[in-house]
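Start from the sequences and build out the full structure, keeping to the hints where you can.
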Amino acid sequence: MSFERMATNLRKGVLEYCVLALLRHERRYGVDLARRLAAVGLLTSEGTLYPLLSRMRGADLVESEWVESEEGRPRRYYELTEAGRARLAEFREVWGPLRDAVDATLREDVDARPRED
Amino acid sequence: MGRMRWPEPVDAYLREVRHRLADLPAGYRDEVVSGLAEHANDRLAEGDDPAAVVAALGDPAAVARQAREEAPAAGPRRPSRRVAQATALVLAVLAAILGGAVAWNRSAWPPPGWGVLLLVVLAPILLALVPLLVRGRVWRPVAIAALVLLAGLAVWLSATVGLLLIPALLAALVALFLPDRPRRPA
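Quick mapping for you: the protein sequence lines, in order, are chains A and B.
Each residue of the first sequence is one higher than the last, beginning at 1 in our numbering.
Each residue of the second sequence is one higher than the last, beginning at 118 in our numbering.
These aren't lab readings, by the way, just hints derived from the structure by calculation.
Computed from a predicted structure; not experimentally measured.
There could be a bad hint or two in this list.
Said to hold, decoys possible - Take a look, some chain A residues computed to stay more than 10 Å from chain B by CB distance:
| hint | residue |
| --- | --- |
| 1 | L10 |
| 2 | Y17 |
| 3 | V40 |
| 4 | E68 |
| 5 | E71 |
| 6 | A86 |
| 7 | R92 |
| 8 | L98 |
| 9 | D103 |
| 10 | T105 |
| 11 | L106 |
| 12 | E108 |
Unchecked claim - Facing chain A, according to a computed beta carbon distance under 8 Å, are these residues of chain B, among others:
| hint | residue |
| --- | --- |
| 13 | A179 |
| 14 | P189 |
| 15 | R254 |
By construction, the Cβ of each residue, glycine as well, lies at the ideal position given by its N, Cα and C atoms.
Structure (structure tokens):
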């Protein structure tokens, strides 16, 4: 498995929750979401965001609304539903311990190994 | 949205994704493609070059693959709230016709005033119609307000034609608990 493919697979599992996290304080339009995710390396093909957003809308995690932008053009804005907010809270509880466990396992120092007395 | 002619690279990209998703449900395919189209539209409006927009969207095959993975599974679907709202509207129209006829009949002479007709015929139809015309965040408050007003009307007219509004009331109530698009039960 190539490096890129491994990264893609890992990102795929968490992208949905990062979208929820980006929407936790304010609604955003698609290009804004895509830019922010791409900037931190979570999204390589911006187009793949839209099937994800469709599913998240179908699952009532986000809802969308057309809003007039400053330039006077309407844009579709996405925002969290209550269910989306709850899902994000659950993810936080899962992610912290998971990340710590993986980090501890990968660490080269003795802390992660069973102590030999 | 609103843009009828795309720059060639964008147009070709959207056509290719649409083509690759030809066998998926039309509603879902349209949703994905219009998401991409809106994205391209916004980027172009911000002054980005069409070729750059397409390059950033990524390989159409990757987008299509992702769309297949995210596609809603076939299976039993709950009706969407729009169906329940449309049902409420039909029931309200029926109630209004019946109610109007009853009101007219009761007060054989003199005929009921415009106020009565407005209340019995027009009000239920409008109250069932308004939630159907509103979308987005304001939908829920509007739908609840319309439901409360409709219920108030039914109680107020309960001595005469109020009972006719009960089926429409039930349908409007059910709509509050349904998702805004069809989906599989959770």
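Hints versus structure:
1. L10: holds (15 Å)
2. Y17: Consistent with the label, Y17(A) stays out of reach of chain B, its closest Cβ about 15 Å off (over 10 Å).
3. V40: holds (15 Å)
4. E68: holds (12 Å)
5. E71: Violated: least Cβ distance 7 Å, not greater than 10 Å.
6. A86: A86(A) clear of chain B: closest Cβ-Cβ about 13 Å, beyond 10 Å.
7. R92: holds (21 Å)
8. L98: Label holds. Min Cβ-Cβ 22 Å, cutoff 10 Å.
9. D103: holds (28 Å)
10. T105: At about 28 Å from chain B, T105(A) clears the 10 Å cut-off, so the statement holds.
11. L106: Holds, since 28 Å exceeds 10 Å.
12. E108: holds (35 Å)
13. A179: Nearest chain A Cβ about 5 Å off; hint holds.
14. P189: holds (6 Å)
15. R254: Holds: closest Cβ of chain A sits about 6 Å from R254(B), inside 8 Å.
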